[in-house]
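J.: Letter by letter, the chains look like this.
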Amino acid sequence: MKKFTKSIILAALLPLSAFADTKIGVSMAHFDDNFLTVLREGMSSYAKTQKDVNLQFEDARGDVGRQVSQVENFISQKVAAIVVNPADTSATKRMTEAARKAGIPIVYVNRKPDEKMGNGAAFVGSDSLVAGHLQGEYIAKKLNGKGNVVIMQGELSTDAQRDRTQGVKDIFAKFPGIKVVEEQTANFDRSQAINLMSKWISAGVKFDAVAANNDEMALGAIIAMKQAKVDPKKIVIGGVDATKDALSSMQKGELTMTVFQNAKGQGQGAIDAAIKLAKGDKSQAKDIMIPYELVTPQNMKGYLNR
Amino acid sequence: MNQTTTVASLPATKKRKFKLPQEFSILLVLIGIALIFEVLGWVKRDQSFLYNPQGLLIMILQVSEIGLIAVGVTMIIIAGGIDLASGSVVALSAMVASSFAQVVGYDRAIFPSLGGLPVIIPVLMGLLIGAITGFINGAVIVKMRVPAFIVTLGMMVSARGLARYYTGGQPVSMFTDDYLWIGSGSNPVIIFLAVALFFHIVLRYTRFGKSIYAIGGNVQAARVSGINVGKNLIAVYTIAGVLSGLAGVVVSARAQTGQSGMGMGYELDAIAAAVIGGTSLAGGVGRITGTVIGALILGVISSGFTFLGIDSYLQEIVKGLIIVIAVVADQFRKKRAS
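Taken in sequence, the protein lines are chains R and B. Taking our numbering, the leading residue of the first sequence gets 1, the next gets one more, and so forth. Taking our numbering, the leading residue of the second sequence gets 1001, the next gets one more, and so forth.
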């Protein structure tokens, strides 16, 4: 009898708690990535400002399989919406279909899935191609349309690496005087970028500009140049991300430019879209773009505390 | 490069004059790979790959952290164990050491009141973290009789987690000049080679070193002959932990930042260096000189690929092949020699 009453009370409470708040399941590709940490913080701080919104974070640790089961778990928990920072942009279909089948909206953030959005699925992020264009244009301007460029690529087969590299090349293709002399990966990693730049310098590669897919690699290139007695102030060096370290390097006059990707804005946008979709807002766009912003020594002050 | 091999293999040649040292065959593999790149260099770039002092330094510099770990891992493998935790311990010790190496008056410092400490403090903190993790590995393996693979796998996951938890994933930078000095110029190379030479001597000429070979060769026999197996094993894991900690200090000083993602995959590169260098995963066999050559092979391959401008996508495929081929070639030569 006691057991029976208990279960009645529990059964009565459960739907209540479910109605009380909008629970959103979030699966991140990586917890430890710097940029994604800012994005995650952007989500949770925005969720706190919203009434009765609860986030549950899971770390896929770069594994598509793990991410799919996390999403399946969210669906079986009947969350109000799902936010996914995809581990692999080409393998999102299974998650999208499972969410659509269960009638739960799914929002992808930061990394754009290869499949088409819409019908309960949306993307919030920035176009990496634009980051490449901004970087390419500024470097081309600084070089007066003439010079040798080396490209440091990020982790191969990520859309950020692919599109940022494509973006700078698109621009350089318009300047016959600009030549890409070397192009290799340093996996978005500073130590690997130090090694790569050291090897280029020791092999006698002559360059006037460095186009790096992210700031960490640009900073690695600068460290290697200083060790090899090449003055980084005489080289045009571009990164992406506008990290604290990058901005302090820019203050010293070493890093020439970077591109700010609004991680916080993407996090807020994703949760906002998830809430709207969960409420059945049909006017929600399929692709929500948070713009990239060019950061140079002239305007860097505004980014120091962001 | 030449300097390393002569310094390291001197004792070996002295001892048995009529027989080539074991590392000779793997040294030939190293020279062979270097010569292939030399020829391809002239063909593709019209430039020498090897006649380039700066380039040669970088070949060793880029593997000095992995080499440091590999020295410890070699000793562990000789003793019949394995260490999968080293890469994560690099990250953890890099984070902790970095947090004590920040300049005075940096408002975003981890410990704002502890800026500008003498360089010995962050270094000791890094080594201490390594020693603690290594000691835990050794103690659990010995006292609880859990396989080394499992214990160090657990440590690999936990240490990485702790490295992230320490600052909540935030990177640590703005170091004192003294700390940066550790990673500047050829200092990492000097540290690596000094450590390798020291442990080469320890392994070959001390009772401790001989005990390690005995334990890896046959635990029962070692125990019967009066060797304190547990104590020696814990010592080996602790030493390996200290060397991973040292690698964490060096890598953070060189990159001028401490990040929780550092050292990713280093454990496997270190094991590869040891195995290429002739250390047997079955235990009881191996030498530091071989491991140094193994690490150099990894460095030469990496430099060679960049030198030739080989497509990044192809590099990893070829690197994997070369690791296996290097070991196969070594086995083949050994068989013919015996």
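Where hints are given, some of them may not hold.
Every beta carbon over 12 Å from chain B, so not counted as near; a handful from chain R, in silico [said to hold, decoys possible]:
{"no.": "1", "residue": "R40"}
{"no.": "2", "residue": "V53"}
{"no.": "3", "residue": "N144"}
{"no.": "4", "residue": "G145"}
{"no.": "5", "residue": "L196"}
{"no.": "6", "residue": "K199"}
{"no.": "7", "residue": "G204"}
{"no.": "8", "residue": "L219"}
{"no.": "9", "residue": "G220"}
{"no.": "10", "residue": "K276"}
{"no.": "11", "residue": "D287"}
Covered by chain R, according to a simulated footprint, are these stretches of chain B (three or more residues, beta-carbon under 8 Å) [to be verified]:
{"no.": "12", "region": "1225-1233"}
{"no.": "13", "region": "1251-1263"}
{"no.": "14", "region": "1308-1317"}
Example chain R residues on the side facing chain B (calculated, C-beta under 8 Å, incomplete) [as the list claims (entries may be wrong)]:
{"no.": "15", "residue": "V68"}
{"no.": "16", "residue": "S69"}
{"no.": "17", "residue": "E72"}
{"no.": "18", "residue": "N73"}
{"no.": "19", "residue": "S76"}
{"no.": "20", "residue": "Q77"}
{"no.": "21", "residue": "K78"}
{"no.": "22", "residue": "E155"}
{"no.": "23", "residue": "V180"}
Quick caveat, the hints were computed from the structure, so don't treat them as lab data. Everything numeric in this text was worked out from a predicted model, so none of it was measured. C-beta: ideal position from N, C-alpha, C; glycine also.
J.: Now tell me, hint by hint, if it's right for this structure.
T.: Outcome of the hint check:
At the 12 Å boundary, the C-beta of R:R40 falls inside the reach of chain B, the nearest C-beta of that chain being 9 Å off. The beta carbon of R:V53 is kept farther than 12 Å from every beta carbon of chain B, the shortest such distance being approximately 22 Å. Taking the minimum C-beta to C-beta distance to chain B, about 26 Å, the non-interface status of R:N144 holds against the 12 Å cut. Listed as a non-interface residue, R:G145 keeps its Cβ farther than 12 Å from every Cβ of chain B; the least gap is roughly 25 Å.
The Cβ of R:L196 does not lie farther than 12 Å from every Cβ of chain B; its closest approach is about 6 Å, which violates its non-interface assignment. Under the 12 Å C-beta cut-off, the non-interface status given to R:K199 relative to chain B is violated; the minimum distance is some 4 Å. Annotated as non-interface, R:G204 brings its C-beta within 12 Å of a C-beta of chain B; the closest such distance is 7 Å. Under the 12 Å C-beta cut-off, the non-interface status given to R:L219 relative to chain B is violated; the minimum distance is some 8 Å.
Under the 12 Å C-beta cut-off, the non-interface status given to R:G220 relative to chain B is violated; the minimum distance is some 7 Å. Consistency note on R:K276: stated as away from chain B, and its beta-carbon is indeed over 12 Å from all of that chain's, at 29 Å minimum. With a closest Cβ-Cβ approach of about 28 Å to chain B, R:D287 is found to remain outside the 12 Å limit, as its non-interface label requires. Look at the region 1225-1233 of chain B against chain R: 0 of its residues bring a Cβ nearer than 8 Å to a Cβ of that chain, fewer than three, so the hint is violated.
Remark: the region 1251-1263 of chain B is confirmed as covered by chain R, as 9 of its residues place a Cβ nearer than 8 Å to a Cβ of that chain, reaching the required three. Given a C-beta distance limit of less than 8 Å, the hint that chain R covers the region 1308-1317 of chain B holds, as 3 residues qualify and 3 suffice. Because the beta carbon of R:V68 sits about 21 Å from the nearest beta carbon in chain B, more than 8 Å, this interface hint is broken. Given hint, R:S69 at the interface with chain B, is violated; its Cβ is 18 Å from that chain's nearest Cβ, farther than 8 Å.
The criterion of a C-beta within 8 Å of any C-beta in chain B is not met by R:E72, whose closest approach is roughly 23 Å, and the hint is violated. At a threshold of 8 Å, the smallest CB-CB gap from R:N73 to chain B is about 21 Å, leaving the interface hint violated. Restraint check, R:S76 versus chain B: the minimum CB separation of about 26 Å is more than 8 Å; hint violated. Taking 8 Å as the C-beta contact cut-off toward chain B, the hint placing R:Q77 at the interface is violated, the least distance being around 25 Å.
Hint status for R:K78: violated, given a least beta-carbon distance of 30 Å to chain B, over 8 Å. With a cut of 8 Å, the hint placing R:E155 at the interface with chain B is violated, because the nearest CB-to-CB distance is about 10 Å. Against a cut-off of 8 Å between C-beta atoms, the interface hint on R:V180 is violated, since the closest Cβ of chain B lies about 11 Å away.
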